[in-house]
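Q: The lines below spell out each chain.
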Amino acid sequence: MVVFAFFVSAVFATLMRESAGEQLRFGARLMGGFVVGGVVLGWLLYVLPF
Amino acid sequence: MATTTARVAATVHPHTYAICAAAWVVPGAGHLWLGRRQKGIAFLLLLPLMFACGLWLEGRLFPFEITQPLVALAAAADVGIGLPYLLAKAMSMGAGRVVAITYEYGNAFLIVAGLLNMLVVLDAFDIAQGRK
Numbered sequence: 005m006v007v008f009a010f011f012v013s014a015v016f017a018t019l020m021r022e023s024a025g026e027q028l029r030f031g032a033r034l035m036g037g038f039v040v041g042g043v044v045l046g047w048l049l050y051v052l053p054f
Numbered sequence: 004m005a006t007t008t009a010r011v012a013a014t015v016h017p018h019t020y021a022i023c024a025a026a027w028v029v030p031g032a033g034h035l036w037l038g039r040r041q042k043g044i045a046f047l048l049l050l051p052l053m054f055a056c057g058l059w060l061e062g063r064l065f066p067f068e069i070t071q072p073l074v075a076l077a078a079a080a081d082v083g084i085g086l087p088y089l090l091a092k093a094m095s096m097g098a099g100r101v102v103a104i105t106y107e108y109g110n111a112f113l114i115v116a117g118l119l120n121m122l123v124v125l126d127a128f129d130i131a132q133g134r135k
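Taken in sequence, the protein lines are chains U and Y.
With this note's numbering applied, the first sequence corresponds to residues 5 to 54, in that order.
With this note's numbering applied, the second sequence corresponds to residues 4 to 135, in that order.
Because the hints were derived from the structure by calculation, they are not lab data.
Mixed in with the good hints, there may be bad ones.
[As the list claims (entries may be wrong)] Pairwise CB distance ranges, derived in the manner of DEER restraints:
1. Y/C23 <-> U/Y50: 29 to 35 Å
2. U/V6 <-> Y/A98: 22 to 28 Å
3. U/V51 <-> Y/I104: 29 to 35 Å
4. Y/E68 <-> U/G42: 27 to 33 Å
5. Y/A75 <-> U/V51: 35 to 41 Å
6. Y/V15 <-> U/F54: 50 to 56 Å
7. U/P53 <-> Y/L90: 45 to 51 Å
8. U/G42 <-> Y/I104: 16 to 22 Å
9. U/G42 <-> Y/L122: 18 to 24 Å
10. U/V6 <-> Y/A103: 18 to 24 Å
For clarity, every value in this text was computed on a predicted model and none was experimentally measured.
The beta carbon of each residue, even a glycine, is placed where N, CA and C say it ideally should be.
Take the sequences, apply the hints, and build the full model.
A: Here you go:
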């Protein structure tokens with residue numbers, strides 16, 4: 005999941021931002037969001053009874 | 004109005020569709036052609052690597068089966084990566100091993116790599132049209 009989040013974030017950041025610094029910051033934020041979102045969603049599904 | 008139209012027409016690249024075709028065949032080639040070197044190199048490295056990860060994780064390159072619409076959609080997404088897909092097919096890779104624990108992860112990598120390259124082609128089109 006982390007590797008997948010890395011690739012997707014890196015491509016999106018490269019597409020959506022122009023300078024390398026902006027790409028790095030946006031990519032890191034995006035990747036953090038993907039990883040944290042995935043873990044939170046995983047725990048929510050774990051708690052659900054179905 | 005006429006000035007705006009003239010300015011937009013002046014910035015449209017004459018080889019827009021050739022650029023899109025190049026961007027599809029080789030990920031990042033469109034951006035390299037348009038002089039966006041940093042972006043082009045990033046796509047050239049990231050997308051084939053993501054596709055290779057999908058193959059390594061024993062994902063499947065889906066066949067075009069019209070009777071199974073979801074499989075056909077997955078196949079269309081796989082083709083989006085361009086030359087790496089054709090190479091993998093030529094080398095009989097991407098058969099997929101359904102019982103492998105990483106099978107679904109591999110499919111996700113292969114499909115998303117193709118879809119991301121389609122986005123990259125659209126971005127190259129926008130740049131060639133003078134919109135970015």
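Q: Now tell me, hint by hint, if it's right for this structure.
A: Each hint tested on the structure:
no.	hint	result
1	Y/C23 <-> U/Y50: 29 to 35 Å	violated (44 Å)
2	U/V6 <-> Y/A98: 22 to 28 Å	holds (27 Å)
3	U/V51 <-> Y/I104: 29 to 35 Å	violated (24 Å)
4	Y/E68 <-> U/G42: 27 to 33 Å	holds (31 Å)
5	Y/A75 <-> U/V51: 35 to 41 Å	holds (36 Å)
6	Y/V15 <-> U/F54: 50 to 56 Å	holds (54 Å)
7	U/P53 <-> Y/L90: 45 to 51 Å	holds (47 Å)
8	U/G42 <-> Y/I104: 16 to 22 Å	holds (18 Å)
9	U/G42 <-> Y/L122: 18 to 24 Å	holds (21 Å)
10	U/V6 <-> Y/A103: 18 to 24 Å	holds (20 Å)
Going through the hint list in order, the structure does not satisfy hints 1, 3.
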